[in-house]
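For the sequence shown, our numbering assigns the number 4 to the initial residue and increments by one for each residue that follows.
Since the hints were derived computationally from the structure, they do not count as laboratory data. Keep in mind the model is a prediction, meaning the values are calculated, not measured. Ideal Cβ positions, reconstructed from N, Cα and C, are used throughout, including at glycine.
Label pairs and their calculated CB-CB ranges:
1) Asn6 to Pro326: 23 to 33 Å
2) Asp123 to Ser5: 33 to 43 Å
3) Asp60 to Pro255: 52 to 62 Å
4) Ser5 to Pro232: 51 to 61 Å
5) Glu31 to Pro326: 12 to 22 Å
6) Arg122 to Gly324: 45 to 55 Å
7) Ala346 to Leu297: 34 to 44 Å
8) Arg122 to Arg235: 24 to 34 Å
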Amino acid sequence: MSNPVLRLGLIGGGPGSFIGPVHRMAAELDGRFRLVAGAFSSDPDRSRQGGAAYGVDPARAYPSYAAMIAAERERADGIDAVAIVTPNHVHVPASVHALRAGLHVMCDKPAALTLAEMRDLAEVVAGARGLYALTHTYTGYPLVREARALVAAGRIGRLRKVVVEYSQGWLSTPLETTGLKQADWRTDPGRSGAGGCIGDIGVHAFNLAEFVTGALVTRLCADLSILVPGRRLDDDCNILLRFDDGTAAGVPGVLHASQIAAGDRNGLRLRVFGTEAGLDWSQETPNTLTINGLDGRTEVLHAGGGAVGAAAQAATRLPIGHPEGYIEAFANLYRDFAAAIHAGRLPPDGTLPGVDAGLRGMAFIETAVANSAAGGGWVQLAV
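Working from the sequences, and respecting the hints, build out all of it.
What follows is the structure, encoded as structure tokens:
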């Protein structure tokens, strides 16, 4: 017998939201979830508008997430899980409220406004009936999972260097002064937290590097800048990293993240170098993974091809040559989350980011911001 479809409530994602519709499409792509309710905005009228746009029963478009959770608990067909797609300052309060009501939670990153807040959330997650997962979307790409498997299998030899970058140009001008919603909250410390660019996209680069290499960052040296006059949060980040490989020195790494790289679109790229080969993957061309050997040979793996391993095959939906992208990668996380809910636990191999990824992400953001403000120098990354 197949598992029942899980009923989903959306927190945030109302009119003007980019990520709300993405969550809805990803959640419903495999038929594992169905969006049935939501608190789509803190403004009741806009929440009703959001519900209408999603085709949700008007009676289930609520004025707040607290009202939604209370009302849905009284319904025989109430929601099983929530997806939290709000600005960062709502992530923890909404997560805690949902978990304490026995619901499962899928939350956007970064997981919290502060590391202290994240630690409090981790305690709630530890005692909750519901599961908690984090949408580090790029971990859902088939060839990211292939790269992870290749590193673990020793295909590139011993890990030697990691280079990850996430380069955008959309905040090259002060868009936050024009009333653009997406720029406004991301540059507001009260809603975004201590980090700007580093919290919005730098944490994605950080997570991707740890996910693929299987090595944790232990030390960093950060240089964060505000390059658009009048902006309150960083818009450009350059960070040296050291990954744990069991030696005193560790493995060197470089992380670059920018939202003022004029002309760049969504340039997330990861290169991992070992003693025998290097891996190269880019989010803008996600269906190929390049392996450059020390002997001069280059191998290109294609999503859907017979040369990739089980992890990539499980995350691939279409035959080779039929490009898959962001929505499909996002949907892989929701498919994994549905399977985890039915199994009663997150996958033990760490393929679905959870509270630990949230803790490490917040520690990375706060450590880098404080380190840069203090003038740099190497510091420990302590969760």
